[in-house]
Amino acid sequence: MAITMVDRIQTPPITRVLVANRGEIAVRIIRSLKRLGVETVLVVSSADRDSLGARMADKVVCVGPGRATESYLKIDTLVHAAQATGAQAIHPGYGFLSERAEFARACEENDVIFIGPTAEQIEQVGNKLEARRIAGEANVPVTPGGPVETLDEALAVADDIGYPVLIKAVGGGGGRGLKRADTRESLIQQFDMASAEALSAFGDGRVYVECFVTQGRHVEVQVLGDGKDVLHLGDRDCSVQRRYQKLIEEAPAPHLSDALRDGLHEAAVRFARHIGYRGAGTIEFLVDVPREQFYFLEMNARIQVEHPVTEEVTGVDLIEAQYRIAQGEPLPWAQNDIQVQGHAIECRINAEDCDHDFRPSPGRVTQAHFPSHDGLRIDTHIEAGAMIPPFYDSMVAKVIAVGQNREQARLRLRMALDDLVLEGVKTNITLHKAILETPEFTQGGVDTGFLGRYLAEKPSLQNEARREQT
Amino acid sequence: MSFTHDDVQRIIQLLDASHFDELHLEADGIKLDLRRNSGASTAVSDASPASAMPSMRPVSSATSVSAPQPANSAKTAAPSSDADENRASSSGQAALLEIKAPMLGTFYRAPKPGADPFIAEGSKVEPETVVGIIEVMKLMNSVPANITGEVVEVVAQDGELVEYDQVLFRVRP
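Sequence order for the protein chains is A and B. The first sequence: position 200 = 1036 (this note's numbering), numbered continuously. The second sequence: position 22 = 799 (this note's numbering), numbered continuously.
It should be emphasised that the hints constitute simulated quantities derived from the structure, not laboratory data. It is possible that part of the hints are untrue.
Said to hold, decoys possible - From chain A, some residues computed to sit far from chain B (all C-beta separations above 10 Å):
(1) Glu875
(2) Gln1051
(3) Gln1077
(4) Asp1094
(5) Asn1172
(6) Met1251
(7) Ala1270
(8) Glu1276
To be verified - If the Cβ cut is set under 8 Å, some of the chain B residues that face chain A in the computed set are:
(9) Asp793
(10) Met880
(11) Leu881
(12) Gly882
(13) Thr883
(14) Val913
(15) Met914
(16) Leu916
(17) Leu938
(18) Tyr941
(19) Asp942
As the list claims (entries may be wrong) - Here are the computed lysine-lysine pairs in the DSSO-like style, where the Cα-Cα straight-line distance is at most 27 Å:
(20) B:Lys877 with B:Lys889
(21) A:Lys895 with B:Lys877
(22) A:Lys870 with A:Lys895
(23) A:Lys895 with B:Lys915
(24) B:Lys901 with B:Lys877
(25) B:Lys889 with B:Lys901
Even for Gly, the Cβ is constructed at its ideal location relative to N, Cα and C.
Let the sequences and hints guide you as you build the complete structure.
In structure tokens, the structure reads:
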């Protein structure tokens, strides 16, 4: 039931795209572009010369040594590489420069099409205060709270909304500069520290205080905009997280009432429409389970790691959609054309050592076997002999199972993980198997604290693995 | 010679995907011995705790220098194009050194169009000698030789896009 956008295509102005990323997302982007007959130029660091993506791309240019700051993060070099190889557009993938307004601006100024939103939109949603302001204007609920300049103001806000509260950096992200205060005393103790941490981490000491939702779920809504119109492609639940890093994602989010789900979808579309959003984006919400309420968290102005679960239940190729929007085609669908069917779950397989505080485990993959069952999709750049360099993130594969319902998807995923072989490096596969078997996950609808509690109860997953073998 | 380059590549891939560590093959007067390099992956995972990082963060320069080497050494059996290039410079022209591009960009051999090139075959270079310019987004970066010797081969063409680490000149020390 794949929905294609082919009908609208006339003469495609973008015939060659520079892919400014690596790993599985580079492979993923090249696949879709190849299918569309678009040539690809992949930039690689010298550590990635022998990668799967490098073999798949029509042309490969080495832009620098292994360290990302000297290769994948060099804006001028990447724009120059696009121009010199005749690529009309750059796809930034996720991470690296994908949400750096300077990169989008450098493209705009040099007549290279940035496959993503405008530089201005990246700036708007990248600043937490500005994003909260936009949410307010678009009538999208935000967590109670607000920006504060002094401790007295912070105390006043906290007294008003009630404890516990979170102190967050205005310019922050990824959990840095984030402090939880359960009492007045704790807020007094931590306020200066949070501000100092925000200043050193983000060069901006401003903070805000907001209500801490004790039992929340992370639910996000995928949107597509063409600069004029916006539509949504349903929701995803990404509540299985460890230290704000997502581990398992699924679509649709389980056990939401119709009213709550519709409310989330409509709020996401209102937000994106308010800024005339162009491209693929995700609006993240915190869902307060006991109160049946939701709050805007942030918007990610790029393709996301977990986009395949949405593709699997809607039949839409999001990379293709990004490409077509970038070359000026209008959205080819009305909201009613987008139907969510079945259920998809994704596990992020990381090369990391779960028994040693999840430290990365780079190295050479000696054996790799990815099963090809019904309803299974594997997005990866790994094959036997592949090198996982120590310079980048540790994700090596995404295993995605789709089924007619959630339980079928869960069982297919569980079976796929049993048959998956990755040797030479340590991975979190055993942890994934264990999570998929828990009564909480099987039931569905866990909150963001679930994995932390689970790990606290299971000090050694190694023992788990040994038991499994005997 | 009944083995092509591709045949050897395929055999290496077979060995790689198998659980064997060594392969010995004799056919048509050709003898092929392949051994899995088990030292390489150990070397790299040993380096990892020092460079443990949660995301796409740069690591210390020491790691960045050492990491690509295990990657290559593990591939010694595989005659890739890189290996061919290295062999040519290490055996055929044993004594030659290479001046490589320090960055990706458009390479110019002269300070401005129509001017004499910075260096040509027969030129003597010292570490500080400017051998060319690499333009990145209208910014001109001069490229120093970094070695001492006499230029014997000009490899990169004027106005060509050069990649990081691409050979620009060969020099006899």
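We went through each hint and held it up to the structure:
no. : hint                   : result
1   : Glu875                 : 16 Å, holds
2   : Gln1051                : 26 Å, holds
3   : Gln1077                : 13 Å, holds
4   : Asp1094                : 37 Å, holds
5   : Asn1172                : 39 Å, holds
6   : Met1251                : 23 Å, holds
7   : Ala1270                : 22 Å, holds
8   : Glu1276                : 26 Å, holds
9   : Asp793                 : 5 Å, holds
10  : Met880                 : 7 Å, holds
11  : Leu881                 : 5 Å, holds
12  : Gly882                 : 6 Å, holds
13  : Thr883                 : 6 Å, holds
14  : Val913                 : 5 Å, holds
15  : Met914                 : 4 Å, holds
16  : Leu916                 : 7 Å, holds
17  : Leu938                 : 4 Å, holds
18  : Tyr941                 : 5 Å, holds
19  : Asp942                 : 6 Å, holds
20  : B:Lys877 with B:Lys889 : 21 Å, holds
21  : A:Lys895 with B:Lys877 : 20 Å, holds
22  : A:Lys870 with A:Lys895 : 12 Å, holds
23  : A:Lys895 with B:Lys915 : 23 Å, holds
24  : B:Lys901 with B:Lys877 : 17 Å, holds
25  : B:Lys889 with B:Lys901 : 21 Å, holds
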